[in-house]
Amino acid sequence: MKLLKLVPDSTNIRFQKYGVPFFIFSILMIVGSWAAVLTNGLNFGVDFIGGQEVRMTFEERAQAPIPELRELVGGLGYGEPVVQEFGKPNQVSIRVPLPEGAEETPGAATEIGNRVIASVNKNFPDARTDGNDTVSGKVAGEFRNQAIFALLAAMAAVSIYIWVRFEWQFGVGAMFALFHDVSLTMGLFAITQMEFSLQIVAAILAIIGYSLNDTIVIYDRIRENLKKYRKMPMIELLDLSVNETLARTVMTSLTLLVALVPLLIFGPASLFGMVAAITFGLFVGTYSSVYMAGPLLIWMGVTSNSFVQQETAADRQEKLARGEG
Amino acid sequence: MLEFPLWKKLWLWGLTLALAAAALPSLFTSTGLGWPAQLPSPQINLGLDLAGGSHLLLEAKAEDVAAQRLTNMEESVRQLMRSATPRIRIGDVSTAEGRLSFILEDAADIDRARGLIEPLMMGTGLQREWDLQVIDGQRMVLTPTQSGIDAALNDAMDAATEVVRRRIDELGTREPTIIRQGDTRIVVQVPGLEDPEALKNLLGQTAQLEFKLVDLTALPANVQAGIAPPGSEIFPYAPGTGRDGQFEAVRRLGGIRGDNLTDATAGVDPQDNQNVVNIAFDTQGGAKFAKLTRENVGKPFAIILDGQVLSAPNINEPILGGRAQIKGSFTTESANQLAIALRSGALPVPLEVVEERSVGPDLGADSIRRGLIAMMIGSLAVITLMMATYGRFGVYATIALVFNVLILLGIMALLNMTLTLPGIAGFVITIGSAVDANVLINERIREERARGRKVIAAIEAGYREAGRAIYDANFTNFIAGVALFIFGAGPVKGFAVVLVVGLFSSVFTAVTLTRLWVAGWLRKARPNDIRI
Chain A
0 MKLLKLVPDS TNIRFQKYGV PFFIFSILMI VGSWAAVLTN GLNFGVDFIG GQEVRMTFEE
60 RAQAPIPELR ELVGGLGYGE PVVQEFGKPN QVSIRVPLPE GAEETPGAAT EIGNRVIASV
120 NKNFPDARTD GNDTVSGKVA GEFRNQAIFA LLAAMAAVSI YIWVRFEWQF GVGAMFALFH
180 DVSLTMGLFA ITQMEFSLQI VAAILAIIGY SLNDTIVIYD RIRENLKKYR KMPMIELLDL
240 SVNETLARTV MTSLTLLVAL VPLLIFGPAS LFGMVAAITF GLFVGTYSSV YMAGPLLIWM
300 GVTSNSFVQQ ETAADRQEKL ARGEG
Chain B
0 MLEFPLWKKL WLWGLTLALA AAALPSLFTS TGLGWPAQLP SPQINLGLDL AGGSHLLLEA
60 KAEDVAAQRL TNMEESVRQL MRSATPRIRI GDVSTAEGRL SFILEDAADI DRARGLIEPL
120 MMGTGLQREW DLQVIDGQRM VLTPTQSGID AALNDAMDAA TEVVRRRIDE LGTREPTIIR
180 QGDTRIVVQV PGLEDPEALK NLLGQTAQLE FKLVDLTALP ANVQAGIAPP GSEIFPYAPG
240 TGRDGQFEAV RRLGGIRGDN LTDATAGVDP QDNQNVVNIA FDTQGGAKFA KLTRENVGKP
300 FAIILDGQVL SAPNINEPIL GGRAQIKGSF TTESANQLAI ALRSGALPVP LEVVEERSVG
360 PDLGADSIRR GLIAMMIGSL AVITLMMATY GRFGVYATIA LVFNVLILLG IMALLNMTLT
420 LPGIAGFVIT IGSAVDANVL INERIREERA RGRKVIAAIE AGYREAGRAI YDANFTNFIA
480 GVALFIFGAG PVKGFAVVLV VGLFSSVFTA VTLTRLWVAG WLRKARPNDI RI
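Those protein sequence lines, which keep their order, are chains A and B.
Residue numbering for the first sequence follows numbering that gives the first Met the number 0, beginning at 0 and increasing consecutively.
Residue numbering for the second sequence follows numbering that gives the first Met the number 0, beginning at 0 and increasing consecutively.
Here chain B stands alone, though its shape is the one from the complex (with noise of 0.2 Å):
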């Protein structure tokens, strides 16, 4: 047991030295002096809770995604039937129960409705994203697909980290991270931001400006009572338009919404110097609007922001240029923030904060500081206790405990792990359990000699004896650490990977390391007697 070729030597201190040089970029960089760049330097991650920033979880809801699909295929619909030659009318249009169903007013149009609705049916892949059902020859259900809605989903949220991704960008941070997650979330972490609160409120508007005529013959009464006419639905007026508290009635149908934009910034109106948001379409959406705004001038139409309306106007003329400017009481930071919010594009469903941690960054480094010398002061007086006990043999557990942090740390850094604040408190259990394998061997020893074997025997015999329990319980806190991973959430997690890490390291070192050096040391100074 105490023999080491020379291979073995040298693997075992090649091993040991490259992965302690692996930690030492990450310790240069935090202490401050610099480390050169032409080398590699592979760096631990110092968690938000360490570094400062904030982490959001952000869950769309995907309901909105199925209603807003439902809403597309009724337009798509109502338009190719429209346009057919000669017409199709339908009527008994229905959009309850997550399905799209309708009358054809002439049975006989069927199979050449059928046969304009059908490719419809078909997504984008090779699945079939509805389902189109005739009952008793005249009434058409269009049934979403589970895959379909699915996929439906999957590209709302591809779509949507791109806007959150754009929007994050024009806040300028640094290393922003941004994750899909689960089937409806997305993770951001961003380090170092200075206003969690400007990031939440950006991240929190969906930007889905629509422009929908005002339905006129809707009865005052029965607007503000929540009841709608046929075709249309009623919005709230968003807080601070001096308005508060009422509601408008629009045509559900036949709007534009705010997709096809191109630039849109803050600016300030010189007529009245209210904060106003200038958008400009692209030449599509400039079309539409013109076209929106040239067959209905004179009649009223609502700007509605994320189901708010934010005003309704009397359309005085035609609108050609493709440029329109949305006023609805901002401040100047809240107009800011909607054309940030406008320009990266809207959401495609919205999303709501679920989970927000933010660290102040001063907060940050004083846990870090005070975590350092906890740590410090902790290592010097394990390291007196070690010494004082074992003499020789503790020094060596001592190295063995240097080597364990900076392996360790090395681990972490090639790994690109990241360090958080309860990651030092498993730092502190991997100590423990290093020493506990050099108690456990040193003890052994010592209980040997005491028998009365000789040196080489009741050292071979210390760590033989010893190995068996060392093994069995780091096996088992294995176990136990790959199952806090595998189940644990955010700071559960920072602390099983330091501990699962941990364990490799400090067997290898509390055992193979220094039974290297014991080895070595013996047959150099070939003792009669140890201290120990």
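One chain only, chain A, in its complex shape (with noise of 0.2 Å):
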């Protein structure tokens, strides 16, 4: 049996020859993805504006009855709420973001889900309440610091971590291609109006680790070649890099992508906005690593002289960690 071979050994692309116009392409997505967040807006959950969630199943009908559940809901004078079909058709998720100036008032969103929970129930003895989620303004502002926290923390600190492990360049690099990907996801969600909820945070972290996980594999080729062409033109040692990772590259995004998809189609459906994330943000990341991470070390300046001194004296050090030297 002849084995798969996804990327043939004599694989060539130019990718950088077209460098300039897809830097510029995705500048011009982040700046889009950011206007999408500013007009659009996130359709935040309750984790992050307060107010209550519920998720019910109808148990006698086929579909829900949507439309009654919009006026019935809407009928308790807390504002539109947000029904919407949630995993089969006769289950839904009931959103009521909290009222105008109840954001100080702590028991507001439990009161608002008990009142929610309890007419729906008179109206349709049918309904059964599978999830109730009730968060106070308060604790839903602590929950927005710290996702804003834990996002800029994580960013920061890998990014000190590859200019401590490679060059600052290669550290403002990997934060732009981070940068990219994560205003790329946020304007998935505006466009595309999903909840955007805690998971969401916790997807596009793992999508912070997928991108520079891709990131690093390009960058330790680039330095490996730098070490070893020392008169390559940086185009063409940036082009051998990322067809020699190529591979790789396919094999990995290949993988995660055939695990993720069934996540997509059979799993949970409150797992769905999370697994969606981070199967966007693998085509993402690796474009990122691509065509983010490494046009930008050419115009940092990075040379094959960049790593002549640090590097062996580095190089030692990890011999010596390893036990090797």
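Keep in mind that a hint or two might mislead.
[To be verified] Selected chain B positions facing chain A (Cβ under 8 Å, derived; list incomplete):
| no. | residue |
| --- | --- |
| 1 | 16 |
| 2 | 199 |
| 3 | 201 |
| 4 | 380 |
| 5 | 389 |
| 6 | 468 |
| 7 | 478 |
[Said to hold, decoys possible] Incomplete in silico selection of chain A near chain B, CB under 7 Å:
| no. | residue |
| --- | --- |
| 8 | 7 |
| 9 | 106 |
| 10 | 157 |
| 11 | 197 |
| 12 | 201 |
| 13 | 252 |
| 14 | 256 |
Calculated directly from the structure, the hints in this document are not laboratory data.
Note that the structure is predicted; figures quoted are calculated from it, not measured.
C-beta: ideal position from N, C-alpha, C; glycine also.
Two chains, two frames, a set of hints: combine them into the complex.
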């Protein structure tokens, strides 16, 4: 049996030939994403804005009575509810944001939750409550701060690590690639208006991890080639490094994809948003490693001399640490 | 790099099998097969989103503790001054701005008053809990110190946590988790709860029962307008009492609090078939209650629950037996809840639910089932892809992957960690990064072979060169994971736990273990060429 080879050995794609147009495209995508976030807004879940979300199953129906529910819950006087199918056609999620001015009242969210569940149960006796989340305004504010802090801390910490392990240009390049990935993912959520919850923050951090992984593999190869081919022009060297790691990039992305897609299709409904975000980030992260992280190095002046002095010392240390010195 | 002395082999295998074995009890119980009770059985906790149940975050109003403490101090001071011989007369008592201040009618009493009050200023600990100040030789001002307020809040929260525990135990649920969090919060997690509503109502009830004399001097118009005569305060009637929207003025001091109860049971009054709660005072409470009713026969007193008047009956005769009956338009259920709440003691501070997450048991089971199906399909696809691409090396990677999952579960079980729904997504990421490590290694071996290196040299170079990127990538992910764990909340934490533990298990299995196996095979087969 012949073994599968997804990327032929002789592959040599001139990635950087269109480096500048692609870079401009990427910048436009970032700007577009932020524009979408600012104009459309993110569809924040109760985690971040407070309020309540209840998931219900209508056991004696094939189809949940969504318009009736919208009218019923809307009539309670807490503003327009978001009623969406959730999982099967007879399952819904009903989301009611905290009314204006209730951010400071700790018990407001719980009270809304109680009333929504009670009134649905009264009008639809076959409704079964599967889950209920209520978050008060204060706790939601804390989640908001924690999420932003976690994202910034993670991005800063890993960039510093790369700066120490490689060179400052690599740290900036990695950070820029991460910014690109995070921006586009937020853009996706702004455009599709999928619910943006704490889980999505976890997904974004997973994307950061994956994209970084990709960037580091390519950077590692660039560093290696910079030492090997002292005379090669930077653009050629970038292409060489990306091509050499291309088989790995394709293979890893593909395996992650075949693991994620079943989770997207067969997985529990409450994981859909998170898995969708990670899947999207897989593509974005791979792209940014090739087209953002690489070209930035050239413009920040990385040359074959960047590693001569420091790297030999670092190599020696590394070998010592691994007990091979 | 491919040399493994015997001790190293034994150590690696021992560690692998021990950690993987730790996963077995959790796997056996989750599939319904039993696990022998005499064997040690570390278990992974299932998060509430998987097991079903309720998570409640309760928050206390810190300012209520301070206010209550001030009122208690006022009563103590009045009591002390009254019982001093000769009596010390005070006036112009005020509790504004969180301080207690009053004037001695006779400035000559100052030293005596100071001597009596001074012992109250020290708390149970060594810290001073109140500052005593004398202004113009006649006015005394008692200000609580910060450490005093903190200590009071801390005591109140400890007591509140205990009350919450007793109330939940009364519901008969199994294995609730009740922990204090921060200064003013309590986390309650009850797995497999059918009716989160009842739990919330029960915990939301402070069950602070008070008996206070109605102030008959208050003008009804003023009471409705919310204006209380000096020394009185105004409470609204509870909904459903038939006097909704009305108010009652009661004397602020001299009442009785329902702290000294020995029992509370729900019942029905045979005369009018109304639901009632019967309470029994302890000796001390009974004596106080007897004194209050004896001294005020013919006058009405208000029964106040959590700041709402239930009823204001006339005291027809002194109640001396230490037993009383509370009426307040209860339903059978609410009478029961109030009885439970009163039995388990009043909360020393009102608690409010600031976050609730409930998942029905059906949804949890469905999530597990769907998650497992998806993971199985995903794993099969990954395994097929790996074997088709890397042949023998793909088989090693696959076995490593199986051990990776087992070890990850084993470590989680040994450390008694919790698996949540986002944690399942973390599993997929972990599998991804383990596969990535093997892909990096195998691609590098391919490359080195293509450059014409000999088999052993190519494999050595593959592990060495790929190792650098693998360690860098995993270490950066580790940093991100730790940031996630420290700063993240709720679902983010569950995800971070799996991610961080998974990094260790995937580097160990995908790099160290596969190298051990490849080295063993090379030694035995001594191949001149490899298919990779």
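Regarding the hint that residue 468/B lies at the interface with chain A, is the smallest CB-CB distance below 8 Å?
For residue 468/B, the interface hint holds, since the closest Cβ of chain A sits about 4 Å away, which is under 8 Å.
Holds or violated: residue 256/A as interface residue toward chain B, Cβ cutoff 7 Å?
violated (9 Å)
Please verify that hint: residue 201/B, Cβ, nearest Cβ of chain A, below 8 Å or not.
Where the cut-off is 8 Å and the nearest Cβ of chain A is about 13 Å from residue 201/B, the hint is violated.
Interface hint compliance - residue 380/B to chain A, C-beta minimum distance less than 8 Å:
holds (4 Å)
Answer holds if the nearest beta-carbon of chain B is closer than 7 Å to that of residue 201/A; otherwise answer violated.
holds (4 Å)
Classify the hint on residue 389/B as holds or violated, based on whether any CB of chain A lies nearer than 8 Å to its CB.
holds (7 Å)
Should the hint that residue 252/A touches chain B count as held when the rule is a Cβ pair under 7 Å?
violated (9 Å)
With a cut-off of 7 Å on the beta carbons, see whether residue 7/A makes it to chain B.
This hint is violated: residue 7/A lies away from chain B, its Cβ roughly 11 Å from the closest one there, beyond 7 Å.
Are residue 157/A and chain B close enough, Cβ to Cβ, to be under 7 Å, as the hint says?
holds (4 Å)
Interface hint check: residue 16/B, Cβ to nearest Cβ on chain A, cutoff 8 Å. Holds or violated?
violated (25 Å)
Would you check whether residue 106/A satisfies its interface hint, that is, whether its CB is within less than 7 Å of any CB in chain B?
holds (5 Å)
Per the CB criterion, is residue 197/A less than 7 Å away from chain B?
holds (5 Å)
Going down the numbered hints, you'll see the structure goes against 1, 3, 8, 13 and 14, while the others check out.
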